[in-house]
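Taking the hints as your guide, dock the two standalone chains into a single complex.
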Amino acid sequence: MKPDHKRYVWLMAFCFFCSIVPILVLNLFMVNGSLENKPNTLLASQWQANTQGIVSPPSVLENAFFKLLRLNDRLPDINTVVFGSSTSYGITQEAFPSGMRLYNFSKNANPLGYAIGEAEYLLDHSQNIKWFVIPLDWSIGFIYEEGDPQQVSAADPAMSKTISIEASKATWLQKIQDSLSYPRIAGLFQLLKSIYAAEQKYSAFRQIFLQPSSDEYLCRDGTIAKDFDIQHRNTCTGFRFDGSWTYAGHEQVGNARALIMAATASNSRYTRNLLKTNGEPNPVFLRHLAAIARRAEERGGGAIFVLPPLLVNMENEFLQHPWLGVYLQKTKQGLARWAEQEQLTLLDAGQSERFGCKAEEFIDQHHATAACYNKIFTGFWQNTGEPNMAVGNARLRATQK
Amino acid sequence: MLFNSYGFIFLYLPAVLLGFFWLARVSHAFAAGWLALASLFFYGYWNPAYVGLLLGSVAYNYTFGLWIAKAGVRHDHRRKKHLLIVAIVSNLLLLGYYKYANFFLGNINAVAGTQLTLGEIILPLGISFFTFTQISFLVDAYQGKVKEYSFIHYTLFVTYFPHLIAGPVLHHKDMMPQFAHASTYRFSYENMTVGLTIFFIGLFKKVILADGIAEYVGPVFNAPAAGVQLTFIEAWGGALCYTLQLYFDFSGYSDMAIGLSRMFGVILPLNFHSPYKSVSIIEFWQRWHISLTKYIREYLYTPVTLAGTRMGFGKPALVEILCSLVIPTIAIFLIIGLWHGASWNYVIFGGMHGVLLVINHLWRKRSFWLGDKKAPSGFLARTLGWAMTFASVNLTFVIFRADNMATATAIYKGILGVNGFVMPDAWLFKWGMFGQWLEAHGMAFGATNGLIGGGAINWIWILMLIVLLAPNTQQIMQHYKPALGVPAMSATRLAWRPTFKAAALVWLLGFIAVINLSKQSAFLYFQF
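Heads up: the sequence lines are chains A and B, in that order. Just so we're aligned, residue 1 is where the first sequence starts under this note's numbering, counting upward by one. Just so we're aligned, residue 1 is where the second sequence starts under this note's numbering, counting upward by one.
Any given hint could be a false lead.
Once the Cα atoms are required to be at most 25 Å apart in a straight line, the calculated DSS-like pairs of lysine-lysine come out as [what the hints assert, rightly or not]:
#1 A/Lys332 with A/Lys276
#2 A/Lys276 with B/Lys413
#3 B/Lys147 with B/Lys81
#4 A/Lys193 with A/Lys226
#5 B/Lys294 with B/Lys277
#6 B/Lys365 with B/Lys315
#7 A/Lys6 with B/Lys501
#8 B/Lys173 with B/Lys145
#9 A/Lys6 with B/Lys481
Hints were generated in silico from the structure; no laboratory data involved.
The following block holds chain B by itself, in its conformation from the complex (with noise of 0.2 Å):
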């Protein structure tokens, strides 16, 4: 089921909302019930087999997660530790089986020449964020910081609806005290309209910001399969399309995340805080996905940098980089690309932003090697920052987007001007006296593709407006706690409050979004 349908929206929502709350009169614990209940429905509805996986996985998960708890109060640290590699590898086998298997064996047979392979395997959708939501149960409850285990609030933990497709990854500490919390079964007018106003805000972005941008990216990426050669202008605005596609995308599916969950009282942590404002790399992973770089810094990043840096402690310098920062920071960004999809354009993608971490990491570092004294942070170089920062990420995307090398490599060389810098001929028509002034000093206007016309280029500028001057839903709503670890900002004129006029306004961007529902598509995330 997806968050931008009328099932969605006029149905299962209201039913969920009334069933929640009424049970809650109750029980908390029916109400909690009715909650997973309702989210293992929600799953079940894109196809019902794989909700007996999910169910699996959770009872499974949980069970490990209390023989690690009881043989840590028991101070059985060699059971505890057996017992927490046992789930990890099978979690890890499960994600892998579904997600990888295929892709390996395609690779061994490309290597090795040999014809082995599993069937078509139907990727569960969201198994990679259940699958590192339980993960991080698993090792707190080994590191101890596991504080409730009812197992009904676990499922709901682990199936909660808003997040179980494309996140956020939740992490147990956030999220089991809520569950457990008096408040969130009482329905409250605030939540309500904050979740709401959050929700309709997200929906616009993804319906008619990013599903209408969408339509100029298609034709783009799909034109180097058909022998088309795209010109400068092409490969830049599909590049282009597809960088705010994503990003709107992904804005608008976490804020009907977060506005959803806000309505069941329970508040998300912040997934998405205007990434492409960032002015550099490492600010932009700070700012994007930013529960799945929590995580990967908290479970992975730091264990493994640490490591990197006690083997390197006293070597060279070269060596203590490479050790340090070098390796560790390169092999977890493969791991992000991998996690993003079984090819080797997401390993690619994630090697591409381990590399430009390190460059930005090291940059940040010169001070100490080359003995500067103050990095440069004013205007300039904060737009340069940000220019540098916003191509680099606009770039990996086209190989993330790519469905192959050929493909992306075919956009890239559009990019950098290979098939030649001609502007459509439509344009000289319509741009009239200043297109045929362009013309007479030099641009040429000829026959293209046509596969970026006037209505992209459009997109493109309006959006590119919003994306850097307008606030983000967190400032927006920055009055009411709209997610979990949002920081401080500065205020704007443009926060809500629950007036007549906001109403209205808000009421116009869903009324505009629950019209064009008909277009309704696949978040982009959900393949993830």
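Extracted from the complex, chain A is given alone in its bound form (with noise of 0.2 Å):
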């Protein structure tokens, strides 16, 4: 039989044009939801300002505009911020006094030298600010970083008229090379499972391909949920109104002490971390956070410097191990000496099974749930006596004395 290169050539171009114009206009519909889309971002901020609801802004990823917009909105009404990373994001309300009342500004992937920038803008500009609770994470690096903290503006975004109409930065040869990517590709197969097992087919489909948002819905303990993002639809997966994370759609950790052996190999991220300075934290940061309870103190409210709670008994496999136990004791009492010397408030829960935390109350090896932070701040405030708003921290301080 003659070979058929002419069938051969339509058939490929058939197939590319079958699979790959189909993804790439879904994508596309789908990218402008989840690349950090400016105009989106101000709805979901907006609603959530309104309903006081959970929302999933439009990139989780991405999320620094939207905290950005959160903490200004909320900044009339609070006197504490949470700062730092996803590690922090189960720090909610619930774990703190109700004279402290405080808005989560943890960012997805921020570190601790952007985070003291933070810190210091809104000493500078926010005089109602008098609670900061900085996370000190060793596991993720952020301690170990190099260099001086970044100078940082806290700004209202909303109210610069540029930032607020700009649309998303992303060019469209971005876009389309965004929405061929294998991780876009294959979110999309889970989509359109989830489409495919959802009962109403068509509202799911709307909701994730026509809509930049999803339509409003309730979550089991009542509160209205909105989701601008596309990976966790309809779970109540968002920042809470306080800034904390739910964590909803997110596995529990199953096996810890995969987790742990994992964490402990010598390629582990958690170990690169603390070869990356043998356990030595920072200086410069150590001189700023130090400067920053100060002022916080001048004010009458004071600074927190936690230690993240890790999976439990992680931290004790570390502490044991014969070379890495040394840099991580290394790091762990240069802390101590440095908030010894400098009469900081410093709330050390990495072994976090000391306060009674369970595996299942974290999501990984270094992310807590709320659940987790709740018994850790109990256990802390016990201990130190919650502060009393009119003389500061200096009770705080004599009591964890």
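Structure representation (structure tokens):
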């Protein structure tokens, strides 16, 4: 039989057309909703301001703009700000005494140098912020990063006309590239599966592909929710009004032992972070942090530095390691000494089991849910006593001692 | 512009193909001109400033080629020779300025303590390729071998985008007749199917295999500079990962170049033919970067060796060997090393291969020198030959990849086990009973730097199986003359035919590669 090259060419063209084009079109619809899309982020922020509900912003991973909008919206009502990265997502208002009205300003992948810059900005510009909760992460390496803290502006972006009306900066080529990337395509298949499984298929399709956000829906506890991101639709996954993250659509830790083994292996990110400076925290950061605490105390508040909780028994495993243990001890003892010398409040929650946390209250090795954080802070307030808002941190520190 | 980018695959290539075959219906010269212009755009997309340099080089060499040919017609041998010398020297000076000037000044400064500098010189992409291509044209013009002097075809021959950036080094006698042939300008479904298939095989090799294993290479080769002592496993793992990365990168690029060209009806010379299946270092160089080896052999090695043989003729055996084999081979390979880049690492890489080739040649001649009757050629001998060749190539690629001698030395130390033979502690857990058994029998598990994990080991053995057992692209496409100069080979059951199954498989390879393009990276051979 004569080889049919013509048929082969058209077959290939057809296959590519049928595979690439639908993927491109569907993903392009969604890219706008998941690249950092400022107009939609504004909508998400406004919706939360109006409803006090749970919202997932257009980009769960690039949520800095959303958090900045929310912080500025909440500034008149709050006196406590939680800084840091996603490890602090589990810190809720519930964990604090009623006198401390907080907004959890932690953002995805927000390094300590940046968090220090944000705290310094708020000290300069927001007199009513008295309490600064700052995580000192060794496990994700932020405490070991080199250099000086960044100078940051936490000014209200919504006040700037240029930013508020600015569309996504991604070019069409970037959007096409993003739409055809493997992670996007894998995500698309997950969504198509969820649409297929949905009772109201057209409604599910419409909400994902044709609208910037889902319809409003009610969570189990009666809180209203709306999703601008497409990853965890209709699962009540998102930021609460206090800025904390619900972790509703995330799987809890199953096999903690395997995770700990993976974490303490010599090629893990945790080990590599410890090796960055052999456990030596950045002294420049520590100087800035101490100065932040001083300034906060001067205005009648204080700073609480938190070594975030790690999966139960994980830190202990590190401490027993022959040489990683030495580095981690150096970090912990160094920070304790620093806190002692500077008379600072340091809450070391690394060994979360000491506070009664359980493995199922973690998402992975270093992301604790609100349930664990609440236990940690409950223990903390029992030890230190709740701060007297009139006399501020002096009492807190005295009780801590 | 990279072959493995969305812009190239979905915009540039379709536009150039459509324009080429549409213009070919009007005029072949227009189509060739369009392809040359498109090639210049392809080149200029990286840095428009160097399009002028490329065009200037093309015009200069074309003019000199014409003058040399005219002098030949007039039998003015003296002028012909002078013109050739001027043209070659000016080409080498241009190459030397862009590629080697700062290297040599740096060495002079280091030795003499001077501060000579030419400032930062940006190396034009593909300058080695287009310079060598044109020198061969000049030499052939001098020898009266050039039959065609169409300027458009010459420009296209030099700038032709499938080969422009990273080869193969083209020979005008292979290319000019194809540019002149009417069938090249007729759209052919067969050329398109063959071209598309080879292109997607190459794209898959580059994007999935080469880039997949690449992530394990950097950490190992960067570690010594950070003061990390590599373990035995890490050093071997890093070296093997790079050896395989380079293989699939170069193989993938060569396939893509051949496939792209085939879509335009032009068949490129073979450049890569399963080099890691070689059972000797001589065979390795007959399979690795074939066009460069052929070029060097034709224009440098053969004349130099002949001269050396003449010099050593009638002298004692040792002098004869030195003149006819050792000195020419090592000298030529030092130049090949330097061709890859202005660094002592490359020079040493070339020198190592020169020495290995000399040893290999001497081994082959041992029957003459030692009175052996027959070289061993059984399975065991071939396996041993393969293992020695592969290990040698792998070791020489360490210095090829290392940023400096200190890094290469540190990796060699790890390879030799100077820093110990500890296995990563994570594997003890992963291997379960087997790990415990090994530990009980003396295998040391402990903390390593974590640079080579189970992922890297899986990549290594899977890719090694592909390298050694899978048919190469030429074998797969053997019924459709995929490249020029493909040696005769045995039939394979995996030989490609334009069937539904083949289309589905190639689509799958292409689809997987395309959705992973967002991790695009420059081809390793671009830097050379």
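Results for each hint:
1. Of the supplied pair hints, the one linking A/Lys332 and A/Lys276 holds, its CA atoms being roughly 15 Å apart against a limit of 25 Å.
2. At roughly 24 Å between alpha-carbon atoms, A/Lys276 and B/Lys413 fall within 25 Å of each other, so this suggested pair holds.
3. A threshold of 25 Å between alpha carbons decides the hint, and for B/Lys147 with B/Lys81 the separation of about 19 Å falls inside it, so the pair holds.
4. A C-alpha spacing of about 21 Å is found between A/Lys193 and A/Lys226, which places the hinted pair at or below 25 Å, so the restraint holds.
5. Note on B/Lys294 and B/Lys277: the hinted pairing holds, with a Cα-Cα distance of about 19 Å set against a maximum of 25 Å.
6. For the given pair, B/Lys365 sits about 18 Å from B/Lys315 by alpha-carbon distance, which is consistent with the 25 Å threshold.
7. A hinted pair counts as satisfied when its Cα atoms are at most 25 Å apart, and A/Lys6 with B/Lys501 qualifies at roughly 15 Å.
8. Under the criterion of a C-alpha separation no larger than 25 Å, the hint pairing B/Lys173 with B/Lys145 is consistent with the structure, at around 8 Å.
9. The suggested pairing of A/Lys6 with B/Lys481 holds, with an alpha-carbon distance near 18 Å, which does not exceed 25 Å.
Hint compliance for this structure: no hint is broken.
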